[in-house]
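Visitor: Next come the chains, spelled out residue by residue.
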Amino acid sequence: MIVTINGEDRDVRAGASVDELVAELTSAPRGIAVVVDGTVVPRSEWCSHMLTGRESVEVITAVQGG
Amino acid sequence: MIVTINGEDRDVRAGASVDELVAELTSAPRGIAVVVDGTVVPRSEWCSHMLTGRESVEVITAVQGG
Amino acid sequence: MIVTINGEDRDVRAGASVDELVAELTSAPRGIAVVVDGTVVPRSEWCSHMLTGRESVEVITAVQGG
Amino acid sequence: MIVTINGEDRDVRAGASVDELVAELTSAPRGIAVVVDGTVVPRSEWCSHMLTGRESVEVITAVQGG
Amino acid sequence: MDDPFVVAGQTLASRLIIGTGGAASLDVVDRILTASHASLCTVAMRRVDTGTTGSIFDVIDRHGVRVLPNTAGCRTAAEAVTTAQIAREALETDWIKLEVIADERTLLPDPVELLEAAARLVALGFQVFPYTNDDPVLARRLQQTGCVAVMPLGAPIGTGLGIANRHNIELIVGEAQVPVILDAGIGTASDAALAMELGCDAVLLASAVTRAQDPERMAAAMAAAVHAGRLARLAGRIPRRHHAQASSPTDRMAAL
Amino acid sequence: MDDPFVVAGQTLASRLIIGTGGAASLDVVDRILTASHASLCTVAMRRVDTGTTGSIFDVIDRHGVRVLPNTAGCRTAAEAVTTAQIAREALETDWIKLEVIADERTLLPDPVELLEAAARLVALGFQVFPYTNDDPVLARRLQQTGCVAVMPLGAPIGTGLGIANRHNIELIVGEAQVPVILDAGIGTASDAALAMELGCDAVLLASAVTRAQDPERMAAAMAAAVHAGRLARLAGRIPRRHHAQASSPTDRMAAL
Amino acid sequence: MDDPFVVAGQTLASRLIIGTGGAASLDVVDRILTASHASLCTVAMRRVDTGTTGSIFDVIDRHGVRVLPNTAGCRTAAEAVTTAQIAREALETDWIKLEVIADERTLLPDPVELLEAAARLVALGFQVFPYTNDDPVLARRLQQTGCVAVMPLGAPIGTGLGIANRHNIELIVGEAQVPVILDAGIGTASDAALAMELGCDAVLLASAVTRAQDPERMAAAMAAAVHAGRLARLAGRIPRRHHAQASSPTDRMAAL
Amino acid sequence: MDDPFVVAGQTLASRLIIGTGGAASLDVVDRILTASHASLCTVAMRRVDTGTTGSIFDVIDRHGVRVLPNTAGCRTAAEAVTTAQIAREALETDWIKLEVIADERTLLPDPVELLEAAARLVALGFQVFPYTNDDPVLARRLQQTGCVAVMPLGAPIGTGLGIANRHNIELIVGEAQVPVILDAGIGTASDAALAMELGCDAVLLASAVTRAQDPERMAAAMAAAVHAGRLARLAGRIPRRHHAQASSPTDRMAAL
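Chains A, B, C, D, E, F, G and H supply the protein sequences, listed in that same order. Following this note's numbering, the numbering of the first sequence begins with 1 at its first residue and continues without gaps. Following this note's numbering, the numbering of the second sequence begins with 1 at its first residue and continues without gaps. Following this note's numbering, the numbering of the third sequence begins with 1 at its first residue and continues without gaps. Following this note's numbering, the numbering of the fourth sequence begins with 1 at its first residue and continues without gaps. Following this note's numbering, the numbering of the fifth sequence begins with 1 at its first residue and continues without gaps. Following this note's numbering, the numbering of the sixth sequence begins with 1 at its first residue and continues without gaps. Following this note's numbering, the numbering of the seventh sequence begins with 1 at its first residue and continues without gaps. Following this note's numbering, the numbering of the eighth sequence begins with 1 at its first residue and continues without gaps.
The reader is advised that the hints may include incorrect statements.
[Unchecked claim] Computed footprint of chain E on chain G, listed as stretches where at least three residues anywhere in the stretch have a Cβ under 8 Å from a Cβ of chain E:
{"hint": "1", "segment": "33-43"}
{"hint": "2", "segment": "98-112"}
{"hint": "3", "segment": "167-173"}
[Said to hold, decoys possible] Chain E residues, not near chain G, derived (Cβ > 12 Å throughout):
{"hint": "4", "residue": "Phe5"}
{"hint": "5", "residue": "Ala78"}
{"hint": "6", "residue": "Glu113"}
{"hint": "7", "residue": "Ala123"}
{"hint": "8", "residue": "Asn133"}
{"hint": "9", "residue": "Arg141"}
{"hint": "10", "residue": "Asn165"}
{"hint": "11", "residue": "Arg166"}
{"hint": "12", "residue": "His243"}
{"hint": "13", "residue": "Ala255"}
Just so you know, these hints were derived from the structure itself, not from any lab. Here the structure is a predicted model, which means the values were calculated and not measured. Here a beta-carbon is modelled for each residue, glycine too, at the ideal position from N, C-alpha and C.
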């Protein structure tokens, strides 16, 4: 299924969880937040939050700034 | 009847119009606006706007300022 | 004879007066001062002050400035 | 004899040396310079420099300043 | 006049706007208006005082100046809107100098109430001249709201501190779509000239003139200063240089 | 005129003195003199240039302005004294703007040579107008020497940096026994107004006008600015306040 | 430590807060944190970049500094609120530096959106550190909203213009009920010292250090400057005097 | 120490020089010297006071600081030369802070007497540290005379007005062949930092510390400020920009 991750359409396993998705992007998932369709998904729900396709996902971390 | 004019209670003729009331305050009614209970009464309605008592009336003009 | 006028060597008539020399330089001698070997020559002496050669002459006027 | 010391006339022993005079003023003569009639007397000459009366003597030291 | 000052569709002959507050008497106002050649002056709206003789209207009539009523003293959008309506009714003008201040100590505008009042007054058909702080963003928002001018302060009202933040005034001028009128803070003539040099279209001041030791003379000073600053802006000043540059020729010097 | 400007025993109609250097042509000088209403202008003394047409004298005559020759470019007292003598002989005036500069990069006056030249020129009967730095002590010494005015700089010649050190100018003005003429550094109209507000008696400037994009208009700006600053000085400005002060009445407000 | 800096209930060992943006590399950030002795630093929230090596977290951990995430780049209250929630989730802190800018050219805060965002974040339990302009009224309103500090700018972000309007900073400090942190505009050490002398409780800066030619050395400079300014504030400076006052005794002079 | 301060052939550990005048007691001087970490301090030369207990020498010895006697109060070159000779004899140092003031009200140096005194003292083998005004030409002349440093004022002694004319200090620094020590006028820490940022090699101050409400704390402030300013000078500050520049990334923003 297709999910937009950080602005790019990606083909991911149907029914993938947020957790899987993050793991694919980065091996060190510290300091990361995930937004699905504009709502922050708490880390405690990453495993249980399954994607159904066509979501817009933002995977955000801290960078130098300010 | 009692009407509050510019913050002071005054005894005015029952059924007095705004026009009468202004005339009593000042002989040169140029540049004056009247507010009755928070609403500006257009000059064209001064004659027809009768007071019924207990109103709060502000009679305002321009002074040095700004 | 050779006289240095405003920094340039010039061949002038032997025994020429300051007056002649100025006349050669400019037709409108108003607002002009002449310095011969570092000393200002008053205008009243221009006719009588004869050059003997090898002098350094400055012919100065007012220009935009300041 | 009379010597003016720091602006005040003082009666001192006839033939007194600068050294004596300083000793009278202060017990800790470190950091002191002596001027007799406008001339600085080097410390090495304090013992040998005798006063003859009527001199103006300045006994100067360092104080807070600047 | 090849450099007209147009605001709210009207051409004003002078770029100096006089606030009449603080003058010791109407006679002083009269002389200030004469000396300043102003074509616009402000008034405040207050309760009729039956004890006073003479009226600001006599003075204004005598000079043929346009009047710009203000909402001085208002602390909320609601008060300001009503005061503007009073002024329109009393003075038959839809021009309003909008003041919505946050407190009596600083007399600084409250940005939120100011924006709210501006929007409502524009909707009611007023020509709104908002007294604002020197924030370029607030000035922009007021313009977007439909104000016919923006009137940033140089410094708080009555302080005479001049233009505290030139950079902000330059930013406001740089993007303004309506006239920028420097309002408040002017202390002396050079402040007014500077305001114009920074690109303001006009200057509004009261205390600097009305509370000067010689108000009439200071009014003349301000008129000249605003004119001077405007001309200098148009004339294009020389750039600032770190090193000197001679103004007399460096050649053809006499050898002395 | 109730506020005459008297210097060296002469009354001048304007407190703006124009330096003619830097103007693109004599025609520009002509228009600057018209627009500035100056009654005094400076010239430099240089070798006759047989190739030029027209003369600064034609322009000066046309305007009836008094001329103030300078010693620009001189680096020693000796050069300056001779240059002053040249100017007196050529222009039949004993007024001299005394410049003795230390170097070409800063064009700042050399205090020692300046004092020496001033003393010699005073002894020779000149009316000496010294261009000086903003040191109050040097200004005092120049006065003691017999100069008829002191002309401190605001900033180095041609920089347009304005008045770098207001405090020094105030100190000079505070004790001056002769007119103080702010000379050099002016960049725009507000600088000139400020100079007058600080108490200077006149302003001398060249580059700010002659090198402006529109010299004629800047000349008019400077004339207005000097006038404005003078009036403001005489009018007595309001004091600077930390806190605001209302310019509209705080009583008799409507209850809305 | 007899002069603790307490904000949002926490005592910070340093009054210098470092913005990490603009540094050429994480290694530079590392050295800046060492040299500055900062105990708080900001970060921005951005999309994960799978191509980068190293992480700002490694640096932050090494120094044991607390992190203050910002909402840089947000233009609306809604964006800022979501970004704050992201930051809280990612970084496990409810501290948020709230930035809601009006445009990219000035990076100035939008007062209306800022207030709105502050109110919503306070309601959501955040400790809000709002980046604001230097308007004392907006600062007051932000405090009333429940912000734990106010962070007025000295000048626009990255300009290095220092503190454009000292008067406004003094007004903000004079009535503040929460710590005032000077944020943005600092160009060099004396600017930071001045901020503290005006009464600010801390200074937040990024570009002044990260974009200096030698960021590490400038970080040390800023640490010393903030310390100096704080001490000077506490020590009570001498008043400004118009006239001089001798610092050496005027009596007991030798008669020479 | 990778940034030594060398003057008159000696390396000083601190770039802050303390004037001891104005302190309420020797005990205060003692605490100031501790807090400032100064390695050089000034003293004045005055008649022995038989009534005093304690001596400045005890304090100086305790701190191991070098002493720089001054000629404060002298009005002529002759007085200053004799005072320097007195100081050399009393203190066994050929270092002399040369002050030749023109009057008691401004305490400004007399340029002519100062130059004369400097020349004579150099000829007599002194290491001359002249207190001078901020005239770049006078500073140059003093160097040509053989002074080992130049010590321009920021503002008159004791005024606390800071650095009135940055441009002049920059000009002096720009061409100096000897150390430039900012002397006089410093009011608070940011002034001292600024002096160093302008390129001065050291700062000398008295009243700003000795007359502060808490001299000891202000001494610490000044030490930190001089250090901060020096580091900032070496670190290379960011340029001033008219427009803002973001310090957080403008890419990789979340789409919210």
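Visitor: All the hints need checking, so say for each whether the structure fits it.
Guide: Going down the list of hints, with the structure as the test:
| no. | hint | result |
| --- | --- | --- |
| 1 | 33-43 | violated (count 0) |
| 2 | 98-112 | holds (count 8) |
| 3 | 167-173 | holds (count 3) |
| 4 | Phe5 | holds, 27 Å |
| 5 | Ala78 | holds, 18 Å |
| 6 | Glu113 | violated, 10 Å |
| 7 | Ala123 | holds, 18 Å |
| 8 | Asn133 | violated, 5 Å |
| 9 | Arg141 | violated, 7 Å |
| 10 | Asn165 | violated, 4 Å |
| 11 | Arg166 | violated, 8 Å |
| 12 | His243 | holds, 23 Å |
| 13 | Ala255 | holds, 45 Å |
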